[in-house]
Amino acid sequence: MTKKSIFIVEDDADIRQSMSDILQELGYTVGSASNGLDALTQLREMKEHPGVIILDLMMPVLDGMGFRKEQEKDQKLFTIPTVLLSADSRLPIKAKENGFQEFVKKPIELEHLIAIAEKYCG
Amino acid sequence: MNIKSSQPKASPELHEVNSQLAAQEQIFKLLVESVIDYGIFLMDPNGFIQSWNAGAEKIEGYKASEIIGKHFSIFYLDDDIQRQHPQYEIKQAALHGRYEEEGWRLKKDKSKFWASIVITSLRNTEGKLIGFAKVTRDLTEKKEVEMQLRLSEERSRRMFEGIKDYSFITLNTDGTVASWNEGARRIKGYEKEEILGKYFSIFYTEDDIQMGKCEYELREASETGRFEDTGWRVRKDGTKFWASVLITAIRNENGNIIGFSKVTRDITDKKRAEDLLRMSYVNLEKRVEERTKEISETNDKLQKAIQVRDEFLSIASHELRTPLTPLKLQIQSLAANIRKKTYTQINEDRLQKMADTCNKAISRLSNLVDNLLDVSRINSGKLKLYFEEFDLIELINEIIDRHRSDISFSKSELTVEGPQSLIGVFDRLRIEQIFLNLLTNSLKYGKGQPIEIKIFQESNTVVLKFIDRGMGIKQEDMNRIFERFERLNPETAIGGLGLGLYITRQIVEAHGGSIKVSSQIDLGSTFEVRLPLESKS
Numbered sequence: 001m002t003k004k005s006i007f008i009v010e011d012d013a014d015i016r017q018s019m020s021d022i023l024q025e026l027g028y029t030v031g032s033a034s035n036g037l038d039a040l041t042q043l044r045e046m047k048e049h050p051g052v053i054i055l056d057l058m059m060p061v062l063d064g065m066g067f068r069k070e071q072e073k074d075q076k077l078f079t080i081p082t083v084l085l086s087a088d089s090r091l092p093i094k095a096k097e098n099g100f101q102e103f104v105k106k107p108i109e110l111e112h113l114i115a116i117a118e119k120y121c122g
Numbered sequence: 001m002n003i004k005s006s007q008p009k010a011s012p013e014l015h016e017v018n019s020q021l022a023a024q025e026q027i028f029k030l031l032v033e034s035v036i037d038y039g040i041f042l043m044d045p046n047g048f049i050q051s052w053n054a055g056a057e058k059i060e061g062y063k064a065s066e067i068i069g070k071h072f073s074i075f076y077l078d079d080d081i082q083r084q085h086p087q088y089e090i091k092q093a094a095l096h097g098r099y100e101e102e103g104w105r106l107k108k109d110k111s112k113f114w115a116s117i118v119i120t121s122l123r124n125t126e127g128k129l130i131g132f133a134k135v136t137r138d139l140t141e142k143k144e145v146e147m148q149l150r151l152s153e154e155r156s157r158r159m160f161e162g163i164k165d166y167s168f169i170t171l172n173t174d175g176t177v178a179s180w181n182e183g184a185r186r187i188k189g190y191e192k193e194e195i196l197g198k199y200f201s202i203f204y205t206e207d208d209i210q211m212g213k214c215e216y217e218l219r220e221a222s223e224t225g226r227f228e229d230t231g232w233r234v235r236k237d238g239t240k241f242w243a244s245v246l247i248t249a250i251r252n253e254n255g256n257i258i259g260f261s262k263v264t265r266d267i268t269d270k271k272r273a274e275d276l277l278r279m280s281y282v283n284l285e286k287r288v289e290e291r292t293k294e295i296s297e298t299n300d301k302l303q304k305a306i307q308v309r310d311e312f313l314s315i316a317s318h319e320l321r322t323p324l325t326p327l328k329l330q331i332q333s334l335a336a337n338i339r340k341k342t343y344t345q346i347n348e349d350r351l352q353k354m355a356d357t358c359n360k361a362i363s364r365l366s367n368l369v370d371n372l373l374d375v376s377r378i379n380s381g382k383l384k385l386y387f388e389e390f391d392l393i394e395l396i397n398e399i400i401d402r403h404r405s406d407i408s409f410s411k412s413e414l415t416v417e418g419p420q421s422l423i424g425v426f427d428r429l430r431i432e433q434i435f436l437n438l439l440t441n442s443l444k445y446g447k448g449q450p451i452e453i454k455i456f457q458e459s460n461t462v463v464l465k466f467i468d469r470g471m472g473i474k475q476e477d478m479n480r481i482f483e484r485f486e487r488l489n490p491e492t493a494i495g496g497l498g499l500g501l502y503i504t505r506q507i508v509e510a511h512g513g514s515i516k517v518s519s520q521i522d523l524g525s526t527f528e529v530r531l532p533l534e535s536k537s
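Taken in sequence, the protein lines are chains E and C. So that you can map any letter, position 45 of the first sequence is 45 in this note's numbering, and since no number is skipped, the others follow by simple counting. So that you can map any letter, position 106 of the second sequence is 106 in this note's numbering, and since no number is skipped, the others follow by simple counting.
Hints may be right or wrong, so weigh each one.
As the list claims (entries may be wrong) - Under the rule of at most 30 Å between Cα atoms (straight-line distance), these lysine-lysine pairs were calculated in the DSS-like manner:
1. K94/E with K328/C
2. K142/C with K110/C
3. K340/C with K4/E
4. K353/C with K411/C
5. K73/E with K94/E
6. K91/C with K70/C
7. K341/C with K119/E
8. K304/C with K105/E
9. K128/C with K29/C
10. K73/E with K96/E
11. K69/E with K474/C
12. K328/C with K105/E
13. K143/C with K108/C
14. K328/C with K96/E
15. K304/C with K360/C
16. K340/C with K3/E
17. K341/C with K328/C
18. K94/E with K444/C
19. K411/C with K382/C
20. K94/E with K304/C
21. K341/C with K3/E
Stated by the list, open to error - Some chain E residues well away from chain C (every beta-carbon gap over 10 Å; in silico):
22. S5
23. D12
24. V30
25. T41
26. H49
27. L77
Hint data in this document are derived by calculation from the structure and do not stem from the laboratory. From the three backbone atoms N, C-alpha and C, an ideal C-beta is built for every residue, glycine too.
Pulled out of the complex, with its shape left as it was, chain E reads as follows:
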């Protein structure tokens, strides 16, 4: 059984890189973007959608909330499970308000990251 891919939207290159490296080592295909707009462009071009999007909240150009609004308007993208990732102290409220299935507070635990990958991508 082939694992579904994971898509990371995160402006901080070190975080993006660290998560990609670890998930790839675990055998996942990982795509990434450094802002919401770049993510939307890449996701719309994809033939096969990822199993989960891990989305940072604070990003330049188009932030997590902006991405989420666009995602909700897009029937295809809307079905992709999205996990909100942020260091924002009001994360639980923001996640709930914007209809995120799940949220993870930075700094993310390795186990939590693996759990998300396994839950959505097998």
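The hints should help you fit chain C onto chain E, whose structure is shown.
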């Protein structure tokens, strides 16, 4: 008593007449003798007393038996006797038929009484002086009342005249001044002689006179008995005073107005004090209002400061967590591999990358902590500079060398233009810090466009210019970028605490220098630092 000379011949008719006369004379004598309110007695032409009635006894104290035959000067005071006043009186009475006067007389007990006397000369049918009749009334009581009245009037007059703080004047019914006291002179400045008879409008302002105030006041006083007012009045020298005035109508016993009394007090000082009080009250109110506004403004500032602090804490927490994320992931990944004994399978490149990532994260964290400590030092005034003499160009080259990789990562082409060497006195570490801050900013916001750094000397000042062609800064943001916790364009969300420029400015200013920025949106920004070559601590 027979006061007429007797007829030589008597007829029966005459006898009848005579006996009738004698009867009348007897009745008259009894009447006189019984009168007790008037002393009535007869004197011979020389003033010796010949008769005495009950009234005389009551008034003078002598019995008839004691006094008849005595000279009437017995009733006179020594002074009067000395100047032969009794003789003068009867001489006048003899001359003019009667003499009248009031004066002090003596009773038997030598006490004085005020007498009203009338001496009438008595002549027979031939006109020969045969004596005098003297009528005496005791007017002591009336005299005393009169004297008391005069004394009291005199006292009042003196009192009113003597009062200095109040102007007490009287007006005639036509409003002309009838009397004037010392207080009036002091307050209004007129001498008695020049003001008596003048119409009292002389004390009023032109406006009041035009309005007919004087006439109105007298009319009010006439109708209601009194008129009271405070207002401006005019002195002789034309200056004004704030007066308290009371005009009262004076009536005689028939109720007719015979004049007015006018009491005036100069209460200019009181008014001034009141005005001052009112003014200071108004001022106080104004100050309270201002203070309230100030407090409200301070409160707003405080609220804003709290908001800024909260935002800062939120940003700081976010910024600290960001490098913690890769650090944690890498360490935990390594730990997991160690646990599963799979770490030997990790190739060398991957291990190197993990170590680099951790290192970088730790550098970022320590940098953030340093910045926070700097802000804390600046806030508590404990930012200390350690001055030393060194070559600024050498230091700059060193910093650029050390950050080659960051520069090339930014894709911006960096050119540095400056002299061979530039020796000055600065805090080496702090200069490195501000240079790095400004360089990092240029790289961060420079959008990969070329960056120029220009270093030159202007007399005793070193000028450092960082010129980028990046996103630029909005006009309204130019002033606040050097404030604490300010990070422009949250929507661009370029990481950082927003402390870099604040710390930079504080360090530059601690060196006695200055920093400014010029910028155009989408065309780039130029930061210019000017530092004195020999900074003093």
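Evaluation of the provided hints:
Of the pairs offered as hints, the one joining K94/E and K328/C holds, with about 24 Å between alpha carbons and a cut-off of 30 Å not exceeded. Between K142/C and K110/C the CA atoms are separated by roughly 20 Å; this keeps the pair inside 30 Å, and the hint holds. Of the supplied pair hints, the one linking K340/C and K4/E holds, its CA atoms being roughly 25 Å apart against a limit of 30 Å. Proximity of K353/C to K411/C is assessed by CA-CA distance (about 21 Å); at most 30 Å being required, the pair is judged to hold.
Straight-line distance between C-alpha atoms of K73/E and K94/E comes to about 19 Å, which keeps the hinted pair within the 30 Å bound. The suggested pairing of K91/C with K70/C holds, with an alpha-carbon distance near 18 Å, which does not exceed 30 Å. Proximity of K341/C to K119/E is assessed by CA-CA distance (about 25 Å); at most 30 Å being required, the pair is judged to hold. Between K304/C and K105/E the CA atoms are separated by roughly 28 Å; this keeps the pair inside 30 Å, and the hint holds.
Only pairs whose Cα atoms come within 30 Å are accepted, and K128/C paired with K29/C is accepted, the gap being roughly 22 Å. Among the hinted pairs, K73/E with K96/E is consistent with the structure: their alpha-carbon atoms are about 18 Å apart, no more than 30 Å. Distance hint between K69/E and K474/C is fulfilled; the C-alpha atoms sit about 28 Å from each other, no more than 30 Å. Note on K328/C and K105/E: the hinted pairing holds, with a Cα-Cα distance of about 13 Å set against a maximum of 30 Å.
Restraint check: the Cα-Cα separation between K143/C and K108/C comes to about 20 Å, which is no more than 30 Å; the hinted pair holds. Using a Cα cut-off of 30 Å, the hinted pair K328/C and K96/E holds, with the two alpha carbons roughly 26 Å apart. Our distance criterion of 30 Å between C-alpha atoms is broken by K304/C and K360/C, whose separation comes to about 35 Å. Restraint check for K340/C and K3/E: the C-alpha separation of about 22 Å stays at or below 30 Å, so the hint holds.
Distance hint between K341/C and K328/C is fulfilled; the C-alpha atoms sit about 19 Å from each other, no more than 30 Å. Using a Cα cut-off of 30 Å, the hinted pair K94/E and K444/C holds, with the two alpha carbons roughly 29 Å apart. Of the pairs offered as hints, the one joining K411/C and K382/C is violated, with about 38 Å between alpha carbons and a cut-off of 30 Å exceeded. Taking the CA atoms of K94/E and K304/C, the gap is about 24 Å. The hint holds against a cut of 30 Å.
A hinted pair counts as satisfied when its Cα atoms are at most 30 Å apart, and K341/C with K3/E qualifies at roughly 25 Å. The beta carbon of S5/E sits about 19 Å from the closest Cβ of chain C, which is more than 10 Å, so the claim that it is off the interface holds. For D12/E, the shortest C-beta to C-beta distance to chain C comes to about 6 Å, within the 10 Å cut-off, and the non-interface label is violated. The Cβ of V30/E sits about 13 Å from the closest Cβ of chain C, beyond the 10 Å cut-off, so the non-interface label holds.
No Cβ of chain C approaches the Cβ of T41/E within 10 Å, the least distance being about 18 Å, so the stated non-interface status holds. Distance to chain C confirms H49/E as a non-interface residue, since its nearest Cβ pair spans about 25 Å, more than 10 Å. The Cβ of L77/E lies farther than 10 Å from every Cβ of chain C, with a closest approach of about 22 Å, so its non-interface assignment holds.
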